[in-house]
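Student: The residues making up each chain are set out below.
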Amino acid sequence: MFGLIRNEMLVISGRWRSYIGFIGISVLMPLILWGFVYGSENIHQEYARELGESFMVVGSIINAFLATYIIMNALWIHIPFLVALAAGDAVAADGSNGIFRITLTRPVSRLKILTSKLIATYIYTALLLLFCALWSVGIGSLVLGTGDLIVIDKGILILSREEALVRMALSFAVAILVMFSVATLCFMFSAMVNNGIGPIIGAMLIIIIGYLVKAIPLDFFDRIEPFMIVSYFDVWLDAFRDPIPWSDIWNKLTILTLFSVSFYGIAVYVFLKKDITS
Amino acid sequence: MILEAKNLTKFYGLRKAVDGLHLEIPQGSVYGFLGPNGSGKSTTIRMMTALISPDEGEVVIKGKSVNQFGNEALNGVGALIERADFHKHLSGRTNLEMLARMDGTNFDRIDYVLERTGLSQRGDDKVKTYSQGMKQRLGIAQALLSNPELLILDEPTNGLDPSGMKEVRDLIGELSAEGITIFVSSHLLDEVQKICTHAAIIHLGRLITSGEMDTLLKDSELFVTEIRVSDAAKTTELLSSLDWVFHCESSNGSVKVNMDKARISYAVKLLVESGVEVSAVIPRTSLEEVFLSKIGSGSPI
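Going line by line, the protein sequences match chains U and B.
Going by this note's numbering, 179 is the number at position 179 of the first sequence; the sequence numbering is gapless.
Going by this note's numbering, 240 is the number at position 240 of the second sequence; the sequence numbering is gapless.
There's no promise every hint is true.
What the hints assert, rightly or not - Covered by chain U, per the in silico footprint, the following chain B stretches (three or more residues, Cβ under 8 Å): (1) 63 to 74; (2) 97 to 107; (3) 185 to 193.
Derived by calculation from the structure, the hints in this document are not laboratory data.
We put the beta carbon where it would ideally sit given N, CA and C, even for glycine.
Extracted from the complex, chain B is given alone in its bound form (with noise of 0.2 Å):
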């Protein structure tokens, strides 16, 4: 493992932002990390990253406790968390560079990394001048500043535009093929099953589910699928009519259903039996029906 948080605990006043969570980022791995507003997903980001004190518990990265080496342990490790925030006075290269002074990186990754997230053409431009998004991708090449091996990123798609977001996500994509290790929070839960590998959903401080994305939308409790049938208003009128059918839609010849998993042979029986031809059934369970039905409904993430 690249990266654990054992027993990671935090408290705000009386209030436990974050409750004995548990990690383990495996090496080359792209971990989403999901939670809805206020689950503690920035507190344990940034207990990752030595910004906050866990008050029980420690993070360890490639074998150093953050806790015992503090900002040592962060060697080889990127970040951007939240929104990208630099001098404004200054322009993009030139923040680069007091970065890299920092820790002693070579000035030529500088060209490269603006390069890779498309502000070599701004580079030289004041960072007032910058829209948020392009603030937003000098945050992601300050974090490539360093040649990391593990790569944290806090909603890196924020201010973005769709294409921006594209960008990023295929970016992530390229990062993860190169070796480096991702672990990324995001509220977009579409672009987290696209790109991710692994995933950890948290609420209220606690870890809800973790675990491989495959395995994850195998095992959800909320089970979707799509049946492609001869007579989709009768599949819908049929099935609707069941009380362990949670929701049920059809359109273009196929119902898309919400169901328990248990029970999904009894009902191509049931089509069957009706005289509605069944000519496939496919798993659609995405990552927004996994989150929900552990989180709820009411959550906003």
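With the rest of the complex left out, here is chain U (with noise of 0.2 Å):
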């Protein structure tokens, strides 16, 4: 299995289109964070605004870490489509190019085959998000420097530096495995079709549709909204409320990879019954 999965990382890594994930995060992360040194001037005057009645704010409140969580949530919605950029191609890729004539004939299951995709894929998606983490708290804290980590939300959570980034690393970790559920989501798409693009955009319009249903507030959405695979997505968030709430996030968790779980074995049942054609 070892080897079958670094055939796909050295795959994966070939592709021109697995680089677009980095290359995209390298330009934007400096770019935001160059706004924030440069324009910040709104945000620091509404968390003044929310503060100054309970706290006397000295300094900046602007650090590496408040402008990643920010921009963690300003990007929740594009990340899934850089997940699905290289998920989409995972199985599809090698039915269009003709790779399966020669791999599907060699006695090595195709169950052994479809799973080292997926974990393949997941590896992509780990280096991603782990990408994007360290490149935003690492060109922020040169940047912007490091400190106290406030957060508002549902009140107002202060979080010391050295807190901040054990909360912070709780995060990415809890946000890779929801990008997990994307990418196995994008993979069953692969699995049943032989082009990279159809996934992406089955992906996408599911998770499109998700964030519509949650929006939108009609009885009827709010009676399905269980039922739509966006409605974890925000488990990361849990990372910064006090106490953590490590139930909620479990749970949120258990039915994500029960998620990842039924697409996967969609795509098994798939891959296992699909005649090689082309």
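Build the complex from these two chains, which are given one at a time in their own frames, with help from the hints.
Tutor: Here it is as structure tokens:
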């Protein structure tokens, strides 16, 4: 299995589409951080207004942690797209390129081949999120410095520099698990078709529809919301609550895992039955 | 038998692409698989290599059913199905390394198969720089990688120039001499006749005929013979007037006749009685004649 995963990583690293996410994050992060340095007055005023009645704010509240927190909130809809760019090709590309005529005639089970592709997609996803975290916190630390993290969500939470770092690591770890479910969704579509674009569109459509259902306040939508995968995507935000709601995090991650297992199950069923005719 | 196809049937929608096909591939044979376009050759080969599941019947390789054991039944089988496609952004060698890693083949085999297919000088170049012929040779190299007992080749000379075709033909001969069983589909009948010990012809998904090459040629209903005579022009004129002679042409003192096999002695008697000296009667039936007699001349191969 290790050899198969190594093969898949070789293939992923050779596809130009795999680098779009990394290039996008490389360009976007410094740009956003530069924006924080030269144009964060609004955020500063908003935080000062919220905190002003209870706290005396001295110096700047904008630092690498707050910038990363805000960036994560803003990019949360876009990162699934970057994950889908690689996951969409995971199975479909081998079908469209005729590679399956070579690989699936060898004495290796289709289940092993499919599983190795999924694990490689997970590794790519994790690397993308880790790169996002390191780039954001790393460059942010150089440009904006570090300090206490002030989170205004359901109340005000002030985390020390050390605690903020731990919470940041936890949120990215949870975010990676969330993105695994996005990758599996796209992977399932990839196992069904022979082109890499269809799975990307399919996965993004489900995510966009999910966000719409969440955003529109209708009774019917409220009833179906628990069955939408996107309803559990915000679990990474729980890392910035006090105390950390471990039970909520565990429940949401379990549900996301069930989604992933279901998607993978469908992908296995389709792939094992699939006739390679091209 | 190293490979058996038993009642192999495959539907595409309502169309039967392969219809109750029975094949028996003897160990050590070079087995030619012939049929016009759309006759079900590729579908059959894909069922043999677990790329397609049959709707009925099964393929058994070395006693293991492909339906039951899946890809595990392909242990000891090398295959090249139609066009050889690889990861173009990687080198030929890296592609072979990936395949070797898949089934645990020793990397030492890579140099051997590259050498064997004439790619040792270009093995480290990216596949995207290869010509179609080189890709096809890399396809044969990957089929040989796991030191197979059975080699399944679907149109292996596609995209090769005449010298490349000859190299592949020679390679098949060498591999066969080493004891490897080879199942090969090709639209080049002359090529199949040259290299194969056995052949099968399918049409509209059904097996038309199969067996040893010599038997197929000998038992052909449409017999072609070369008759060496003293007067080729007179012979042509005499034989052309007979309704059981389908075609007759002369060149360099001999006449090539396409006729009913049962009438050959009568033809010789007629020529002798007409004052034509007959010095030799040489059977010249080719696989092409066999094919056309079974399938019909309107079917493209």
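Student: Hint by hint, say whether it matches the structure.
Tutor: Against the structure, the hints come out as follows:
no., hint, verdict
1, 63 to 74, "holds (count 5)"
2, 97 to 107, "holds (count 6)"
3, 185 to 193, "violated (count 0)"
In summary, the structure is inconsistent with hint 3 from the numbered list given earlier, while agreeing with all the others.
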